[in-house]
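Peer 1: Position 198 of the sequence shown, counted from 1, bears residue number 198 in this note's numbering, the numbering being contiguous throughout.
The set of hints was computed from the structure by calculation and includes no laboratory data.
Restricting the straight-line Cα-Cα distance to at most 20 Å, the calculated cross-link-like pairs of lysine to any residue (SDA-like) are:
| # | residue 1 | residue 2 |
| --- | --- | --- |
| 1 | Lys141 | Leu24 |
| 2 | Lys192 | Asp226 |
| 3 | Lys133 | Val26 |
| 4 | Lys192 | Arg218 |
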Amino acid sequence: MIYHVLPGDAQVEDFRQTGLQGELLVCREALVDGDLSGETLDEFFNNRAAVHNEEPAVYDANVASQFRRLLDVGPTDEVNLWFEYELFCSANMWFCLSLLAGSDADIYRVAPVHLSFEDRWDGFGNSNPEILKQCFADRIKLSRSDVELGSELWNAFRRSDADELSRLTVEPQTAFPYLDEVRRAAVNIDTKPLEIIREIKREGKRDLKEVFPEFRRRAGVYGFGDMKVKRLMEE
1 MIYHVLPGDA QVEDFRQTGL QGELLVCREA LVDGDLSGET LDEFFNNRAA VHNEEPAVYD
61 ANVASQFRRL LDVGPTDEVN LWFEYELFCS ANMWFCLSLL AGSDADIYRV APVHLSFEDR
121 WDGFGNSNPE ILKQCFADRI KLSRSDVELG SELWNAFRRS DADELSRLTV EPQTAFPYLD
181 EVRRAAVNID TKPLEIIREI KREGKRDLKE VFPEFRRRAG VYGFGDMKVK RLMEE
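Hey, can you work out the whole structure from these sequences and the hints?
Peer 2: Here is the structure:
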């Protein structure tokens with residue numbers, strides 16, 4: 001079985017037009033935001049349901065069920081993780097890798113390799129089926145150590161363990177481009193975005209339509225959407 005884990009519903013239609021074969025799973029989470037606690041996976045998902053103000057059964061059907069499929073992956077299966085470079089997508093991918101840590105499946109990272117360095121945080125947003133096929137053709141097979149690193153990054157991130165995040169990101173990683181930038185963003189996620197928004201507002205920008213693109217320009221590494229930026233503006 002071939003699995004494709006997409007970073008969100010926005011990519012589903014273009015992906016279906018690529019003609020690529022396999023079962024489609026969609027990551028509908030934003031693990032950069034909210035409670036990440038839970039001694040068990042069920043407890044974790046219940047806590048995430050509360051973050052989204054959803055009934056656990058609804059959350060499980062729409063969100064958790066997609067992740068749980070990764071626990072059933074077998075040694076002859078193939079998993080393609082379609083995730084962008086910024087912290088938003090990185091955290092979601094690290095979580096997926098933590099679920100796949102015990103699997104012997106072939107695991108690939110499909111990244112937006114068509115982007116220039118200046119546009120590296122833009123992700124798959126402006127892609128089309130042809131670009132997605134190009135990204136798939138240039139996918140990277142993850143080694144056992146890559147999968148273990150992703151799992152360790154997830155555990156450090158969910159604990160807000162800055163020292164461990166620093167230890168894990170010392171060496172450049174082919175499978176995880178821009179990891180040091182992402183690590184620094186993770187360490188400062190509770191303070192830096194708010195500081196940047198306050199700076200922008202002090203410069204005279206007040207409306208979301210003015211603040212959001214400027215925040216994206218200065219702090220695209222976080223990968224925040226407009227609603228997250230709006231909430232930060234209200235703090």
